[in-house]
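Q: Listed here are the chains, written in short residue letters.
Protein chains: 2
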Amino acid sequence: MERDISILKETALFKDLTVEQIRNLLSISKKVLFSENDIIIKEGEVGDTMHIMLEGTVEVAKSLIIEGMDNKITGKDKVFTKLNVGQHAVFGEITLLEECRRTATVRAVTDCVLYEIKKDDFLRLAGEDYELGYRVLLNLSRIVSSRLRKADEDTIKLTTVLSIILKEL
Amino acid sequence: MERDISILKETALFKDLTVEQIRNLLSISKKVLFSENDIIIKEGEVGDTMHIMLEGTVEVAKSLIIEGMDNKITGKDKVFTKLNVGQHAVFGEITLLEECRRTATVRAVTDCVLYEIKKDDFLRLAGEDYELGYRVLLNLSRIVSSRLRKADEDTIKLTTVLSIILKEL
Numbered sequence: 000m001e002r003d004i005s006i007l008k009e010t011a012l013f014k015d016l017t018v019e020q021i022r023n024l025l026s027i028s029k030k031v032l033f034s035e036n037d038i039i040i041k042e043g044e045v046g047d048t049m050h051i052m053l054e055g056t057v058e059v060a061k062s063l064i065i066e067g068m069d070n071k072i073t074g075k076d077k078v079f080t081k082l083n084v085g086q087h088a089v090f091g092e093i094t095l096l097e098e099c100r101r102t103a104t105v106r107a108v109t110d111c112v113l114y115e116i117k118k119d120d121f122l123r124l125a126g127e128d129y130e131l132g133y134r135v136l137l138n139l140s141r142i143v144s145s146r147l148r149k150a151d152e153d154t155i156k157l158t159t160v161l162s163i164i165l166k167e168l
Numbered sequence: 000m001e002r003d004i005s006i007l008k009e010t011a012l013f014k015d016l017t018v019e020q021i022r023n024l025l026s027i028s029k030k031v032l033f034s035e036n037d038i039i040i041k042e043g044e045v046g047d048t049m050h051i052m053l054e055g056t057v058e059v060a061k062s063l064i065i066e067g068m069d070n071k072i073t074g075k076d077k078v079f080t081k082l083n084v085g086q087h088a089v090f091g092e093i094t095l096l097e098e099c100r101r102t103a104t105v106r107a108v109t110d111c112v113l114y115e116i117k118k119d120d121f122l123r124l125a126g127e128d129y130e131l132g133y134r135v136l137l138n139l140s141r142i143v144s145s146r147l148r149k150a151d152e153d154t155i156k157l158t159t160v161l162s163i164i165l166k167e168l
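These protein sequence lines are chains A and B, in that order. Sequential numbering from 0 applies to the first sequence in numbering that gives the first Met the number 0. Sequential numbering from 0 applies to the second sequence in numbering that gives the first Met the number 0.
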C-alpha cells in the first residue's frame, strides 16, 4: 500500500496531492493484471477507464495513417514507445473527463499490474472532495494543454513541409 | 452587472457555475476597451491573461507556416475567423493554467469591450474556493481535450496526405 501511494504521488497527474487524497483515489482504483502480449487498450475503441502502471513494461503504438485509405496500415506507419513503471506511466487520463476514443494501442510486453480508475468513480469522488478534484484537474489540464501545444507545432511543421512540396511540384 | 453575469454563464468555460461564483470571478476581472484595429493578443507573445468578449467583433488570425523559412508569411498562409459576443467568445483560457505563447492574433474589427482575468488572480481565487476551481477546470480541461482530439485528427490527415504525395514522387 505504501509503495502504491508513492508510485501515484510520482505521477504528473497526482502530484501535489496529500497522502489522504491518494488513499481516497486508491479506494476507487482496481488492481488489474495483464499477461505478456495482452492488449490493455485498443486504438479506436471508446473507453471510460484510465490506467496507472505498477509493474511490468508496455508498448504504445499509434497509427499515423487514416485507416481504410488506399495505403493499408502496416507496421511502419506506426510509432512505438516502450514504457515501464519507472517512467510513471499513466494512460487515458482524458477518460477521467469524458468517454473518448483511444488514440493508441497499449500492449503488455511483460506480465503487467496496473491500477484502473473509472471516469464516473473519479467524478463522484471529485464532487465530494473539491480540493482533490481541483488539484487533479489542474495537473490534468496542464498535461493536456502541453500535448495540445506539441500537436499544434506538429500541424505547423507538417503544413510547412506540405506547402514546400506543393510549390516544387 | 446582471448582463455581464449572464454573458459569463453562457460561455463553455463558466457554465455550471452559481451566480455567486460568477460574481467572485467578476471581482477578479478587469473591463478593458480596445479601439477598431487594435491588436488584443499577438501571436508568438507570452501571455498570462485570458479575455471574455462583452461587446464588439474581433478577427482571429493564425499562421500556418513556420516563420523565418524560405516562404515568407503572407495573408494566404493564415486562417481567419470572426467572432462576436453572440458566439460567447473567450480567448486564452489556457493562460489560466500557465503562461504560454499565444497561438493566434486577435484584432478588434470594431470598438470592443472585454473582461480580462489574470492567471495568478484566478489560481488564488480557485485555491480559496475549490468548488469554483474544480468546476472551471473541469470545463477548461474538456475544452482543451476536445481541441487536442481535433489537432490529433489534423496531424493524421496531414501525415496521410504527405505519405501519399511522397509515394507519387
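Treat the hints with care, since some could be wrong.
When chains are identical, the list treats them as one kind, so a pair holds in a single copy or across two.
[Stated by the list, open to error] List time: in silico DSS-like cross-link candidates among lysine-lysine, alpha-carbon distance up to 27 Å:
| # | residue 1 | residue 2 |
| --- | --- | --- |
| 1 | LYS61 | LYS166 |
| 2 | LYS30 | LYS149 |
| 3 | LYS149 | LYS29 |
| 4 | LYS8 | LYS118 |
| 5 | LYS81 | LYS166 |
Rather than coming from a laboratory, the hints here were simulated on the basis of the structure. Just so you know, these numbers come straight off a predicted model, no measurement behind them.
Q: Hint by hint, say whether it matches the structure.
A: Hints and how they fare:
no., hint, result
1, LYS61 with LYS166, "between (30 Å within a copy, 21 Å between copies)"
2, LYS30 with LYS149, "neither (32 Å within a copy, 32 Å between copies)"
3, LYS149 with LYS29, "neither (32 Å within a copy, 31 Å between copies)"
4, LYS8 with LYS118, "both (19 Å within a copy, 25 Å between copies)"
5, LYS81 with LYS166, "neither (38 Å within a copy, 29 Å between copies)"
Hint compliance for this structure: hints 2, 3, 5 are broken, all remaining hints hold.
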